[in-house]
Amino acid sequence: MEPLERYRPIIDDFEAFLEACARPLPSVVRVNTIAASLERATAVLREEGVEFEAAAWNPHVLRLTDDAQGPGSTWVSFCGMTHGQEEVSAVPPVVLDPQPGERVWDACAAPGGKATQIAALMDDCGTVVANDSNLGRLSSLRFNAERLGASALAVTHQDARNFSLKPFDFDEFDRALVDAPCSCEGTIRKNPDALDGWSEAHLESVSGVQKGILRRAVQATREGGTVVYSTCTFAPEENEAVVDYVLDAEDCHLREIEIDLEHSPGITAWEGETYDERLERAIRLYPHQNDTGGFFVAKLEVGS
Amino acid sequence: MGENGDGDGLAENVGQRFDRLPATADERRVEGRVSREEVCTYFEERFGMPLETFEEYTFWEKGSGRIWIYAGEAPTPTSVEALGMTCLRTRQEHWKPTTDFVARFGHHATRCVIDLTREQAARFVRGEDQELPWDGDWGYLIAACELAGEREPLGVGLYVHGEFRSMVPKGRQRALE
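These protein sequences, in sequence, are chains D and E.
First residue of the first sequence: 1, per this note's numbering; consecutive thereafter.
First residue of the second sequence: 1001, per this note's numbering; consecutive thereafter.
Everything labelled a hint here was simulated from the structure, so no lab data went into it.
Do not rely on the hints blindly, as some may be mistaken.
Covered stretches of chain E (in silico footprint by chain D; criterion: 3 or more residues with CB under 8 Å from a CB of chain D, positions within the stretch not fixed) [claimed, not checked]: (1) 1033-1039; (2) 1081-1089; (3) 1100-1106; (4) 1129-1136; (5) 1141-1150.
Lysine to any residue pairs mimicking SDA-like chemistry, simulated, CA-CA at most 25 Å apart [what the hints assert, rightly or not]: (6) E:Lys1096 - E:Gly1149; (7) E:Lys1096 - D:Ser140; (8) D:Lys166 - E:Leu1176; (9) E:Lys1170 - E:Cys1112; (10) E:Lys1096 - E:Gly1136; (11) E:Lys1096 - E:Ala1023; (12) E:Lys1170 - E:Arg1066; (13) D:Lys166 - E:Thr1078; (14) E:Lys1170 - D:Leu135; (15) D:Lys166 - E:Val1030; (16) D:Lys166 - E:Thr1076; (17) E:Lys1170 - D:Lys166; (18) D:Lys166 - E:Ser1079.
Restraint-style ranges between C-beta atoms, simulated for each label pair [to be verified]: (19) E:Gln1130 - D:Leu38: 29 to 39 Å; (20) E:Gly1063 - D:Asp123: 49 to 59 Å; (21) D:Pro26 - E:Pro1050: 28 to 38 Å; (22) E:Leu1158 - D:Asp260: 42 to 52 Å.
Backbone N, C-alpha and C fix where the C-beta goes; we use that ideal spot for every residue, glycine too.
In isolation and in its complexed conformation, chain E is listed as follows (with noise of 0.2 Å):
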């Protein structure tokens, strides 16, 4: 089984167990459900990650607009807490990766990265929002500052007007130097 539904016209989303996403916006079964190459095509025009970074892993929807990063082996539908990890919001008009997808992944991004200073990233971490020069595109981006000699994902930000709004949830804000 490919997905959920009867078959005859879209079902709705099944919002307490994992289905699978479709491989691709024709073999959608589901109203409003987003298909693997959508999210793939998104991660590579958005950040420049290659398709090849998902080859070995599935995507799937639990919740509405919630998608999930997953390696392991599991039939669709099912019923468990979690598979793998949240990797993207889809349900609202502009998508949104999340804190920790970015920094599974982030390493293979390579446009839409503001990369900030130590003193930056850690008001970054700490979940405040700052007034900051970037000329790329605006909405989401992936947070980096370079630790011992390399760039680091540290996770999501919404770039609007001149402002960069940490999207670092409560949980995971630090207070680091």
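Okay, chain D solo, but in the shape it has when bound (with noise of 0.2 Å):
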């Protein structure tokens, strides 16, 4: 926990954040609409006996309330009506806000629970091309896809940094997410280790990456169109910094994000460095404002 006392200074009731962060994090599991209706699934959820309860924020979002088996040794699960998703993890594609028939970009999409939710919110109609860098996650991406029946996805195998569309027929895309590889400091609650060998020269040197990715992906999306970044950690050399570089070195703006989780906004200075004024539309969602682990969330338009 050690590493985190860096962030007392930016997080409101820094003691209640420590408090939360050394909880185990709730179960949850989101409705996978490609497979049933939210109807569907919660019929079979009560037929099961497993008792939930909805995100006030995104009624797909289950927090199972008892969860002596696991989220996995259910029939929902096992007929790919839900995925065990973590409830924060779910909050990138719904800022996106993907449409039917649109092309999406997923720039880092293993293990594929973001991915398969774009997909869902186009009913599966439309074009999700889900990438990943990293071969060994690639079987846990294509796993999930074909598990909850995601058929308007494609899965791709680069490096994000100079993402090539050549096998593909178009140019650009609609909308690109990228959920960028982390220090993970928001995922202590699931992984106590977490922290281990947390390092600030290791996150100069993710951030630098990061900092690839989020520019390709506002290349490879048209004029007008979205780019979501998000992370699942604090550190603002990650977040804010990452964002306000290629607000410099591309042409894009950051928009508001509406949506109803508590929040707190994007921070404006760090360690002497200041950003620009408006990553304060970023959203950070801290562990002990509902429940949830970690995660930074900014949503760009390109264009001026």
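Join the two chains into one complex using the hints; note that each chain is given alone, in its own frame.
What follows is the structure in structure tokens.
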């Protein structure tokens, strides 16, 4: 927990934050509307005797209130009607707001929870290009995409920083999600060893990769299209600093995010650095605010 | 380009890329490749899935006899890791639909669907074989059971000699009650 001390100046009620980080994460599933309607999936859950409550911000996100068996040991899960997915990890696709028939890129898609959520939000109609550079993680992406029945989803294996659209016969996307590889500080409740090996040097190196991927996403998205940047970490070096860099380097601007979850605004100053004031439009989701993991989400529009 | 091949005689299948299936057998350019028409006709004749079910989808081969169903856009041929989902294996005597295809499209099936009790269904998803009565066609069947008052397709099994063999892949098997 010690590395988290550096965030004391920017987090309200820091003690509540630390306490939340020490608690295990609630078990949450997302209803996969490719396989079943919300009514159908919840009817099967009830028949199985699984107790749940829907998240106020998203009726498709269900908190399992008595999860003795684990979210994968149910008939709904076997049939692909639900997918175990951390509550805040369901936020970026909602902010991206993909529409049926569009071309959407998920730059760092494995293991596929968000990519399949994007396909579901598009009624499995259009083209979702789910990319990942890590061959080992691609198999879990493919497994989840098939289990959840995402037939509009293509899987590619490229370095997102210089992603080529050559395998497709279009040359830009309508929307792109960069759920970047990060130091994962916000997953501490799920992985108690998430902070092992933490160092500021690591933040700097991973932030270079994040900048490269987000730049490519803006370049590969059409004028007026939407790019969402997210991480599961608190470090401003990996969040506001990355977006600030890309705002300067590429033709894009920040949009407001409307979501019915308690959150804090993005910050505009950190350890002597200052960022574009509009970074307050980004959102920081802390574990103590909604009893979730930690996340950062920024919404960009391409063009001026 | 409808399909790979040089136009003179039949070319060989190239395993590491996706090629769109020809519309009909007459347009076939690759040795042993099935056509879209044959695939849709198989799903219709074997399982009673209406041909319209697949109007918005394209079919592709990657790997010998592995057929994929895809709803998105892509040129042919193309080199990617996956296009939609595997739906059928064709380069063997009896064609075999995949578990995930059946979970996704099995609601459209009206024949060769075997209704299992919850207990039988639990054995099926654990990957077990079981003795079962069945007076329809032998071969690959869609296993289904009733969940919350509706028939739910679970996967594929092979019915021969009074025995129903689960074809649920190891990674998809679950211990359920």
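Results of checking the hints against the structure:
1. Under a criterion of three residues with beta carbons nearer than 8 Å to beta carbons of chain D, the stated coverage of the stretch 1033-1039 of chain E fails, only 0 such residues being counted.
2. Check on the stretch 1081-1089 of chain E: 6 of its residues sit with their Cβ under 8 Å from a Cβ of chain D, so the three-residue criterion for coverage holds.
3. Look at the stretch 1100-1106 of chain E against chain D: 3 of its residues bring a Cβ nearer than 8 Å to a Cβ of that chain, three or more, so the hint holds.
4. Note: the stretch 1129-1136 of chain E has 0 residues with beta-carbon separation from chain D under 8 Å; the three-residue rule is not met and the coverage is violated.
5. Check result for the stretch 1141-1150 of chain E against chain D: holds, 4 residues qualifying (beta carbon to beta carbon below 8 Å, three or more required).
6. Taking the CA atoms of E:Lys1096 and E:Gly1149, the gap is about 28 Å. The hint is violated against a cut of 25 Å.
7. For the given pair, E:Lys1096 sits about 23 Å from D:Ser140 by alpha-carbon distance, which is consistent with the 25 Å threshold.
8. Distance check on the hinted pair: D:Lys166 and E:Leu1176 sit about 44 Å apart at the alpha-carbon level, beyond 25 Å; violated.
9. The suggested pairing of E:Lys1170 with E:Cys1112 holds, with an alpha-carbon distance near 23 Å, which does not exceed 25 Å.
10. Among the hinted pairs, E:Lys1096 with E:Gly1136 is consistent with the structure: their alpha-carbon atoms are about 17 Å apart, no more than 25 Å.
11. Under the criterion of a C-alpha separation no larger than 25 Å, the hint pairing E:Lys1096 with E:Ala1023 is consistent with the structure, at around 20 Å.
12. Restraint check: the Cα-Cα separation between E:Lys1170 and E:Arg1066 comes to about 19 Å, which is no more than 25 Å; the hinted pair holds.
13. For the suggested pair D:Lys166 and E:Thr1078, the alpha carbons sit about 9 Å apart, so the restraint of at most 25 Å is met.
14. Distance check on the hinted pair: E:Lys1170 and D:Leu135 sit about 21 Å apart at the alpha-carbon level, within 25 Å; holds.
15. For the hint pairing D:Lys166 with E:Val1030, the CA-to-CA distance comes to about 24 Å; that is within 25 Å, so the pair holds.
16. Taken as a hint, the D:Lys166 and E:Thr1076 pair is honoured in the structure, with Cα atoms around 12 Å apart against an allowance of 25 Å.
17. With a C-alpha separation of about 35 Å, the suggested pairing of E:Lys1170 with D:Lys166 is violated against the 25 Å cut-off.
18. A C-alpha spacing of about 9 Å is found between D:Lys166 and E:Ser1079, which places the hinted pair at or below 25 Å, so the restraint holds.
19. For E:Gln1130 paired with D:Leu38, a C-beta distance near 33 Å keeps the hint of 29 to 39 Å intact.
20. Separation of E:Gly1063 from D:Asp123 is about 29 Å and departs from the stated range, judged on CB atoms against 49 to 59 Å.
21. Between D:Pro26 and E:Pro1050 the Cβ separation comes to about 42 Å, which falls outside the hinted range of 28 to 38 Å.
22. Evaluation of the 42 to 52 Å hint for E:Leu1158 and D:Asp260 yields a pass: the beta carbon distance comes to about 49 Å.
When the structure is compared with the earlier hints, violations turn up for hints 1, 4, 6, 8, 17, 20 and 21 and for no others.
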